[in-house]
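Q: One letter stands for each residue in the lines below.
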Amino acid sequence: MEIKGTKDGILVNLEGQDWLEAKDELISQITTRQEFFQGAQMILDVGANVLRAKDLGELRDVLSAQDVALTAILSHSIVTQETAQLLGLKSEPANPQGRPERKLKPLDTVLPGEAAVMIHRTMRSGFKVAYQGHVVVLGDVNPGAEIVASGSVVVWGRLLGTVHAGAEGDETAVICALDLSPLQLRIASKVAIAPKGDKDPQPEVASINGDQIVAEAWQG
Amino acid sequence: MSGKVVTITSGKGGVGKTTTTANLGVALASLGDKVVCIDSDIGLRNLDVVLGLENRIVYDLVDAVEGRCRVSQAMIRDKRIETLYLIPAAQTRDKNAVSPSDMIKLCNTLREEMDWILIDSPAGIERGFRNAIAPADEVLVVTNPEISAVRDADRIIGLVEAEERGPAKLVINRLKSSMVKRGDMLSAEDVVELLAIPLIGIVPEDENVIVSTNQGQPVALEAKSLAGRSFNNIAKRLKGEDVPWLDLNEKDGIFNRLGRIISGGG
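Residue numbers (my numbering), protein chains in the order written: chain A, 748 to 967; chain B, 31 to 296.
There's no promise every hint is true.
Only pairs whose alpha carbons sit at most 20 Å apart, straight line, appear in this in silico DMTMM-like list of lysine to aspartate or glutamate [stated by the list, open to error]: (1) Lys946(A) - Glu194(B); (2) Lys875(A) - Asp214(B); (3) Lys943(A) - Glu176(B).
Below, a sample of chain A positions facing chain B; criterion: calculated Cβ distance under 7 Å [what the hints assert, rightly or not]: (4) Ser872; (5) Gly873; (6) Phe874; (7) Lys875; (8) Asn889; (9) Gly891.
In short, the hints are calculated from the structure, not lab data. Where is the CB? At the ideal position from N, CA and C, for every residue including glycine.
Looking at chain A on its own, in the form it has when it is part of the complex (with noise of 0.2 Å):
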């Protein structure tokens, strides 16, 4: 099953699989990454399965049960595009700007489990990126934008928004930024809340040390 982050929402993939075993892998998934997929728009690409109303309703009231709405239906199946219609379900992802979907093409040098998302742009107010894998940041993170990733978040500019590193339970996980003045850090289990005060800003590493996420300047 292969799960990644959009702009519409998380895309699962269960393309060329059997649907009564994929739909209980991603129910499961779900349980279990509870952290990841809490609040989450879900567009499901079922492939060839022909879907009816029945199938897709308790898919859908089972994923709303775990605060996850599916908002998009893709398939090759016109029955099953039909059903997701006749459920108000979209049954292509909405972009209405027309643009490319990034998409993430693994090279051969990629470390197995490494995956990344770059976003080059100032994440403002109210934009919220869930990813699983690292994310990377080439700008701001003003107040009010969230980042949740299963991995590592780095900020090559100002980060004063919210960050989740290690969402699904990495300790290891950190969080770095060229001015870390979060209005809240998270980095697995643990919270902490950025000291009030005014400081030269200077690149920090935030991890987890003992029982508490610790800021500390970056040591080149």
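Fit chain B to the given chain A structure using the hints.
A: For chain B alone, coordinates are given in the frame of chain A:
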């Protein structure tokens, strides 16, 4: 003639969108341009009050959109400045009475006649805001030097970028230089640094604004008020003129310095 559509918005309410729209309308019209101000705050109109044209409303924006009158019939001509018009909002309807495509159609009609179409956006990020920015060629985001207004401005700027109407330009309204000097208020530099969009004007806190609003006489009509002069300068900058920054503080010229920083930085 192809007029330019400028939408004035903010996210947060009460920061001065309507005051800014009215004064820019007056300022641009005083320079001889043909200007129409559209109040898109359907159900909570007050641009007509600020402009002192409330008693002359016959038809409104919704009448024009729904075809109960011609667009020209909904345009109220200002008595003081011949080239200034207002299309008031309907008071008895809500935002859903108009769609973004209605606004685009209306503005395309107005572009042929007018140099400037100024749209006063409602507060919020819902339908009314979407209506207001749909036809925009340029977006002005108004904010006050306080955290909550800046936070909302940041959100709005992001939405404007997402709608590909950006980059928005920033108007900082109600700045009190004495409070900034005491460190009790965000400075214009602080606001610009966080929002990271070009600054087009700083308007100082000025009691004349309240007096003039109550009288329906926008401050831009008065050359002596500092706020009025600031609005006139924004109008000139909209027209592409390079206007020096007003010294809003009698003793310490921090705005001059700011102006130099900004013009120096392009």
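Q: All the hints need checking, so say for each whether the structure fits it.
A: Hint by hint, here is what the structure shows:
| no. | hint | in the structure |
| --- | --- | --- |
| 1 | Lys946(A) - Glu194(B) | 36 Å, violated |
| 2 | Lys875(A) - Asp214(B) | 31 Å, violated |
| 3 | Lys943(A) - Glu176(B) | 18 Å, holds |
| 4 | Ser872 | 4 Å, holds |
| 5 | Gly873 | 4 Å, holds |
| 6 | Phe874 | 6 Å, holds |
| 7 | Lys875 | 11 Å, violated |
| 8 | Asn889 | 5 Å, holds |
| 9 | Gly891 | 6 Å, holds |
Taken one by one, the earlier hints fail for this structure at numbers 1, 2, 7, listed in ascending order.
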